[in-house]
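Colleague: Letter by letter, the chains look like this.
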Amino acid sequence: MKFTIMINEGPYQHQSSDSALQFARAVLAQGHEIFRVFFYHDGVYNGTRLSVPPADDRQLQKEWSELAIEHNLDLVLCIAAAQRRGIMDADEAKRQGLDADNIIEGFRISGLGQLIEGGIQSDRTIVFGD
Amino acid sequence: MKFTIMINEGPYQHQSSDSALQFARAVLAQGHEIFRVFFYHDGVYNGTRLSVPPADDRQLQKEWSELAIEHNLDLVLCIAAAQRRGIMDADEAKRQGLDADNIIEGFRISGLGQLIEGGIQSDRTIVFGD
Amino acid sequence: MAMLHIVNKSPFERVSFRSCLNHAKPGDSILMIEDAAVAAIEGTSFTEKLKEAMTDKSVYVLGGDLAARGLSEDRMIDGIKSVDYAGFVDLTVENETTQSWL
Amino acid sequence: MAMLHIVNKSPFERVSFRSCLNHAKPGDSILMIEDAAVAAIEGTSFTEKLKEAMTDKSVYVLGGDLAARGLSEDRMIDGIKSVDYAGFVDLTVENETTQSWL
Amino acid sequence: MSTKKFMFVNRKAPYGTVYALESLEVVLISAAFEQDVSLAFLDDGVYQITKGQNTEGIGQKNFSSTYKALGDYEIKKLYVEKESLEERGLTPDDLMDLVWEDEDDDWAEKPSIILVDRAEMADVMAEQEVTLSF
Amino acid sequence: MSTKKFMFVNRKAPYGTVYALESLEVVLISAAFEQDVSLAFLDDGVYQITKGQNTEGIGQKNFSSTYKALGDYEIKKLYVEKESLEERGLTPDDLMDLVWEDEDDDWAEKPSIILVDRAEMADVMAEQEVTLSF
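Protein chains in written order, with this note's numbering: chain A, 1 to 130; chain B, 1001 to 1130; chain C, 2001 to 2102; chain D, 3001 to 3102; chain E, 4001 to 4134; chain F, 5001 to 5134.
Be aware that a few hints might be false.
[Said to hold, decoys possible] Chain C is nowhere near these chain D residues, computed Cβ spacing over 12 Å in every case:
hint : residue
1    : 3011
2    : 3013
3    : 3014
4    : 3015
5    : 3016
6    : 3025
7    : 3026
8    : 3042
9    : 3055
10   : 3072
11   : 3077
12   : 3079
13   : 3093
14   : 3096
[What the hints assert, rightly or not] Label pairs and their computed distance ranges (CB to CB):
hint : chain 1 : residue 1 : chain 2 : residue 2 : range
15   : E       : 4110      : D       : 3001      : 44 to 50 Å
16   : F       : 5062      : B       : 1033      : 19 to 25 Å
17   : B       : 1091      : A       : 59        : 37 to 43 Å
18   : B       : 1091      : F       : 5109      : 42 to 48 Å
19   : C       : 2078      : B       : 1029      : 42 to 48 Å
20   : E       : 4036      : C       : 2002      : 53 to 59 Å
21   : C       : 2078      : F       : 5127      : 31 to 37 Å
22   : C       : 2043      : B       : 1030      : 54 to 60 Å
23   : F       : 5032      : A       : 69        : 38 to 44 Å
24   : E       : 4028      : A       : 33        : 24 to 30 Å
25   : C       : 2078      : E       : 4110      : 35 to 41 Å
26   : C       : 2073      : D       : 3084      : 48 to 54 Å
27   : B       : 1105      : F       : 5119      : 46 to 52 Å
28   : D       : 3001      : B       : 1113      : 53 to 59 Å
By construction, these hints were calculated from the structure, which means they are not laboratory data.
Quick reminder that beta carbons are idealized off the backbone N, C-alpha and C, glycines included.
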C-alpha cells in the first residue's frame, strides 16, 4: 500500500515527529511504500541541519534525513510554512537575499500542492500533530 | 517596576510571541523597565534571521530584534533549547562544527540561570506560552 | 497577596481554565487572553462556571482578542471588564504576583 | 467504510477525545497514541465514557506510549488491545480511512 | 487525476494558533486539483467563520475575508456543527454569509454553509476518503 | 542575592510534549540560586512522577530518574494534588518514591512528595512570589 504522512509539529516540543518517524519505519518494515512525507506548520523545523541536541538524546532531524537517504523517501517542507519560520535551502536563501541556509540533506522545499497530490496518489494519508 | 518575560512558543504557530511582544511594548510605553526577555522551549525560534513571511504578514522575529535594539533590551535564547532546535550564533556554530548560523541581531544565547536570575531581580515575571 | 491569573485557552477545548478557577482565591483577578477570550460572552456552556467565580474574583478580557474572534463587547457577561495591553500591564502591577495557566 | 480514529491527547486535558467519541461510527476503530494512552486504564473519570464507546467500536492503545507514562498493561480496561507500531500500520491498512483528532 | 473526497477538519479557534490560517491555505490550493472538497467546522473551529472579526488589537492579519472567496474556487460545502455553536453561545446568524454562484441556475448565489447536527457531521465524516486535520 | 519563593507548575504529561523535561532542567538550575523552590504537580502533570516509566517503545530518553536526584539539590517540596490523581485512576502508590536527606536529623531520608487536596494546592500557589509554568 502507498502512504502519505503529514507532520504538523516541530521536533521535541511535541511527540508528533517521533511518532511519525516510528510509524514511517514500521510502514517500510512491512513492505509498504511511502509516497511522500509532508511537513507543514512547525513541522518544517524537522528539516534543519543546525540542531545539536545533548549526546544522550535523539536527533530527530538527522534521523529523518538518514531514513530519507536510505529509503529514497520524498520529504517535503511546505515552502510558505518554511519561509515564515526561517527554514531555507540554498536556492531560496539566495533568492531572498539571505546570507545563510539551514536545510538538512534529504529534504526538499515545495508547495502545498504536494500534500494534496499525496492524498490523491496514496491509499492512506495519516496526520501527526498537536 | 522591573519585568522579566518568558516566552515558551515559537512565532506564528501560537499567539504567545505576538502577545508577549504587545505586552512588552506596553510595559515600556508605561515607563516600566524590562530586565530580560527569556525565550525557552520553541520560543527560541523567535531568534532566527532567516524568516521571510508573506509581505502582508508581520515578521515577529524582526519586530523583536528591532524592539531590542531600540530599547536596549536583553533578549536571551536558552542555549539547551536552542541547540536542540537548531538556533545558533556564530560562536556556537563554530564550536559545534556547523557551517552556518541563523541568530538575528538583538538576541543572545545563554543558560537557564538567566531565567532564574530574571525572576529574582524583577518585580514581576510573566509567562507566555501554549 | 492578590494574584493575577492569566488564562489563554478556550474553556471548550482545554481544562486549564477550569483548573484556574478551581485554584484562584477570593480577591484574585483573572485575565482572559488569546483563545480564552471566547469565554467572556453570555450564554455559553461555561458562563455559569465563570459567573460563580465572579462572586469573589474580578474577571477581565483582553479586548483585542475578543474582537479578533468576532465577538463584540456588548455580548460580554455583566461585570467582565475589557482591557487593552496597557490595562494588562496595570493588572500585573496591581497584583503582587501572576500565574499563567498554560 | 470503517474508519480508524487516531487520538493523541489526554481526555483529562483536551476535548478532542470526547469529540472523537461523539463522531465515530459503530464498527470504527479508535487508536490512542501519545498522551491519549493514559485513557486506557481502569478507574479514571473517563473510563465509563470509553467503555460506552467500546460496545460498538474497537479500541486500541500504542503500548509504548502507555509504558512511557508508567502505566502497565494489566491495568487496561478489559477489551482494549495494546499494539506496537507494526500493529498501528496494520490498523491503517485494515480501515479504509483514518482521521486524526488533533 | 482521479477525484477523491477530501475533508479539511477545523476544530481550533483562529489567531490563538496558526492552524486556521494555514489550513485555509491548503484548502485554496486543493481547489486547483478538482477534488470533491468539504470543510468541517466543529468545536472551537466555528470561531474561524464568525462575522465581524477585527484583528487591529492583536497585530495579526485578518484573514476571515478569504473564506468568502472559497465559493469562487468551487469550494461550497462548509459543514458547521449546531451543537458546537450552541455550547459557545453562538447562532448561525453569528457566522459570515458565505455563498457560491450556481452556474447551472443563472449564477444564483447559494449558501455554502450547511448546518448539521452532530450525528449528521459524523455521517459526513464517515464518507470521506482523505481527512486532513490541523 | 535575595531569596524568593519560586514555584514550578507542572500540568502536562511527559513525552507527549517537551515541557516536563525542559521544566525539570530549569528546576535543577534553580537549585544553584538557593531560592525557596516548590514544585506543583496537578492535572496531567502527575504523570511526570509515576513509577515504572519505560520509554523503550517510543525512542525517547527516560528522564524520570532525574526527579529522584532533586533531593540532593535541596529541592524537597513536591506538591501533588489528590484530586488530579483520583480523576486519573492513580493513587500515591503509583508515584516514585522521592526523598531528601535531612542533615539536621542524621541524614534521615524523608519524603519529598507532599500530598495536598485542591484547596491546599490553592493555598500553596497563593504564597508564591515567582510562578513559572510550562
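Colleague: Would you pick out the hints that fail for this structure and give their numbers low to high?
Modeller: Failing hints, ascending: 1, 2, 3, 4, 5, 15, 16, 17, 19 and 22.
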